[in-house]
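Each protein sequence line maps, in turn, to chains A and B.
If you're matching positions, the first sequence starts at -12 in the working numbering and goes up one per residue.
If you're matching positions, the second sequence starts at -12 in the working numbering and goes up one per residue.
Derived by calculation from the structure, the hints in this document are not laboratory data.
Where hints are given, some of them may not hold.
A pair holds if it fits inside one copy or across any two, identical chains being indistinguishable in the list.
[To be verified] In silico DSS-like cross-links for lysine-lysine, where the CA-CA straight-line distance does not exceed 25 Å:
#	residue 1	residue 2
1	Lys5	Lys137
2	Lys137	Lys203
3	Lys5	Lys140
4	Lys163	Lys210
5	Lys137	Lys20
There are 2 protein chains.
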Amino acid sequence: MANYKFSLNCPLPIFDYKEILLAHGGGGTLSRKLLKDIFYSQFGNPHLLEEMDSALININSERIAFTTDSYVVNPIFFPGGSIGDLAINGTVNDLAVCGAIPKYISVGFILEEGLPLADLWEIVLSMKNAADIAGVQIVTGDTKVVDRGKGDKIFINTSGIGEIVNGVELSPVKCKPGDKIIINGRIAEHGIAIMASREGLEFESEIESDTAALNKLIDGVLKSSNQVRVMRDPTRGGVASTLNEIADKASVGIKIYENKIPIREDVNSACEILGLDPLYIANEGKAIIIIAAEDAAKALEEMRLNELGIYSAIIGEVTEDNSGMVIMETLIGTSRIVDMISGEQLPRIC
Amino acid sequence: MANYKFSLNCPLPIFDYKEILLAHGGGGTLSRKLLKDIFYSQFGNPHLLEEMDSALININSERIAFTTDSYVVNPIFFPGGSIGDLAINGTVNDLAVCGAIPKYISVGFILEEGLPLADLWEIVLSMKNAADIAGVQIVTGDTKVVDRGKGDKIFINTSGIGEIVNGVELSPVKCKPGDKIIINGRIAEHGIAIMASREGLEFESEIESDTAALNKLIDGVLKSSNQVRVMRDPTRGGVASTLNEIADKASVGIKIYENKIPIREDVNSACEILGLDPLYIANEGKAIIIIAAEDAAKALEEMRLNELGIYSAIIGEVTEDNSGMVIMETLIGTSRIVDMISGEQLPRIC
Chain A
-12 MANYKFSLNC
-2 PLPIFDYKEI
8 LLAHGGGGTL
18 SRKLLKDIFY
28 SQFGNPHLLE
38 EMDSALININ
48 SERIAFTTDS
58 YVVNPIFFPG
68 GSIGDLAING
78 TVNDLAVCGA
88 IPKYISVGFI
98 LEEGLPLADL
108 WEIVLSMKNA
118 ADIAGVQIVT
128 GDTKVVDRGK
138 GDKIFINTSG
148 IGEIVNGVEL
158 SPVKCKPGDK
168 IIINGRIAEH
178 GIAIMASREG
188 LEFESEIESD
198 TAALNKLIDG
208 VLKSSNQVRV
218 MRDPTRGGVA
228 STLNEIADKA
238 SVGIKIYENK
248 IPIREDVNSA
258 CEILGLDPLY
268 IANEGKAIII
278 IAAEDAAKAL
288 EEMRLNELGI
298 YSAIIGEVTE
308 DNSGMVIMET
318 LIGTSRIVDM
328 ISGEQLPRIC
Chain B
-12 MANYKFSLNC
-2 PLPIFDYKEI
8 LLAHGGGGTL
18 SRKLLKDIFY
28 SQFGNPHLLE
38 EMDSALININ
48 SERIAFTTDS
58 YVVNPIFFPG
68 GSIGDLAING
78 TVNDLAVCGA
88 IPKYISVGFI
98 LEEGLPLADL
108 WEIVLSMKNA
118 ADIAGVQIVT
128 GDTKVVDRGK
138 GDKIFINTSG
148 IGEIVNGVEL
158 SPVKCKPGDK
168 IIINGRIAEH
178 GIAIMASREG
188 LEFESEIESD
198 TAALNKLIDG
208 VLKSSNQVRV
218 MRDPTRGGVA
228 STLNEIADKA
238 SVGIKIYENK
248 IPIREDVNSA
258 CEILGLDPLY
268 IANEGKAIII
278 IAAEDAAKAL
288 EEMRLNELGI
298 YSAIIGEVTE
308 DNSGMVIMET
318 LIGTSRIVDM
328 ISGEQLPRIC
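Given only the sequences and the hints, what does the whole structure look like? Please build it.
Shown next as structure tokens:
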């Protein structure tokens, strides 16, 4: 740092830690502290501070959505997908949940010296396939190579641009008490698939990642109702973190019902054995949709027509009390607070 | 790969190597083979195949530029800058050389566990400073953390969106014999600064990276002439690779004059000592501008008014003969072919 060009003389905010921890990437409270104290404090502008999955920006008369995500998942091939389709689907979903029609994707590869070309080829094929399914074009890219031992096979950044659907404006602050919370299917499958594959766990029937592009399903919901309040994809940090973020931003309470949350029995068992709470496990093909109560049944019906929505369910509602909190009514009839986790349950999940 | 979801059954193209080499990231012929045989063969679409520094895309009635770059430079702090301002300036320049006004930037961090927060903070400050100077907003971002030994301190992806300046359409195919080739200053400083810093070399006066945002300089050129044919920033692979790419795409010859190419004496000496050809060394604050002969003097005058253009010079011209080739008239009056290099002179330069 001796040769640093600008002497900006701006003191580092106070942290409990002097170094980056794995938990800073986990999507929990430690991630949020890093975001707020380091990134937002310097880069802050209204677009960034909206904290949506995509920034909604204007180019002259057009309103577009813009998003970015880097993928560092380990392993790079796993039941149900690869880092390649994960990267395309993740960016497509970040655009779609903001009410945008995903159109254009950029791809930045960071390859480690020694990566087998055959692996790169499989990943590229999976990206092409995922882009075709989602109906997006990969229009620009970049490739860097780092020396052996300075990366981990392959990291991929995908950024994306989408057109905002006319008239659609989604925001957590639109949530009102009584609104329903819908999810399009069974939770925790991506995280458990990665975990199982990393640890060599075997299940009776293989648990696959749910990685999928949700833009068509979401388009259907937006066409069925003009009272969708907000949508989010519960990836890192799972359903619990996503709902906490919404409750916090919207200053409302959120109540969910454990018995309404769709989950495969073996995924649930795997979570119990591993000591993990499925509410915090990453999903890569799920959307949380908050919608006016009177439109919820119609949206649910629409969603179930899509193969990515056959297990769709209303899992809860927005409440006036318990502002900023997520409360779950458990199977045994008690209530418990579903907190934001501080750290990382499963590192390098996406 | 056993668990791969899509059996696409598409054979891997034939390569001389089975693995990724450092040279695949060098911007030379090996990089191009990877691009063409793996990425273009699958992702190919007219936007991508234009091979511009940014993709020019339409969102309804608006024409925008979209670009992406990942930065893996080693070391992360070097004379004249850091990986942070490099990432902002690089993406700003990729937009600007396509005739776009850079507007919005996304930032994707891949942090290695153990990165000192103080280093991250310095990098973030440098990004903020660079964004302010260039007049762009950082509107969306993402942070991933990888375990110790699986990354190298910090990698940054920056993607960017720009508005296309009304009426500006730049393309190598617009180059005509007689057009002049201008560069806005002295070459090879970024690469030599990195190299010196990595190898602990000392010079009488420190050689600093030329990292800078060129959007204002370029805007001036575009306002001074409506006969700019094409612009490129000669980063990885240097001036030689950039000119070769243009000559190839445009099917014209390019002639340059060694005695017209601006270079600091000590940079030139450093190149001689290190056995490097400055024409192939990366620049991070330079643009190659090809312009109609009658507008060249005016553009040069305009450029020299900008502090990033005081050493601007006409270094050559477009020729009818030697199509697809770059020929240099040397100091001793002979001519030599300036080829595309195959591999990597300096790995991890950006």
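For each hint, the structure was consulted:
1. Lys5 with Lys137: Both, since 22 Å and 20 Å are each at most 25 Å.
2. Lys137 with Lys203: neither (39 Å within a copy, 36 Å between copies)
3. Lys5 with Lys140: Only across copies: Lys5 and Lys140 sit 14 Å apart there, 28 Å inside one copy, limit 25 Å.
4. Lys163 with Lys210: within (21 Å within a copy, 51 Å between copies)
5. Lys137 with Lys20: Between copies only: 24 Å across, 27 Å inside.
Comparing the model with each numbered hint stated earlier shows that hint 2 is the single one that does not hold.
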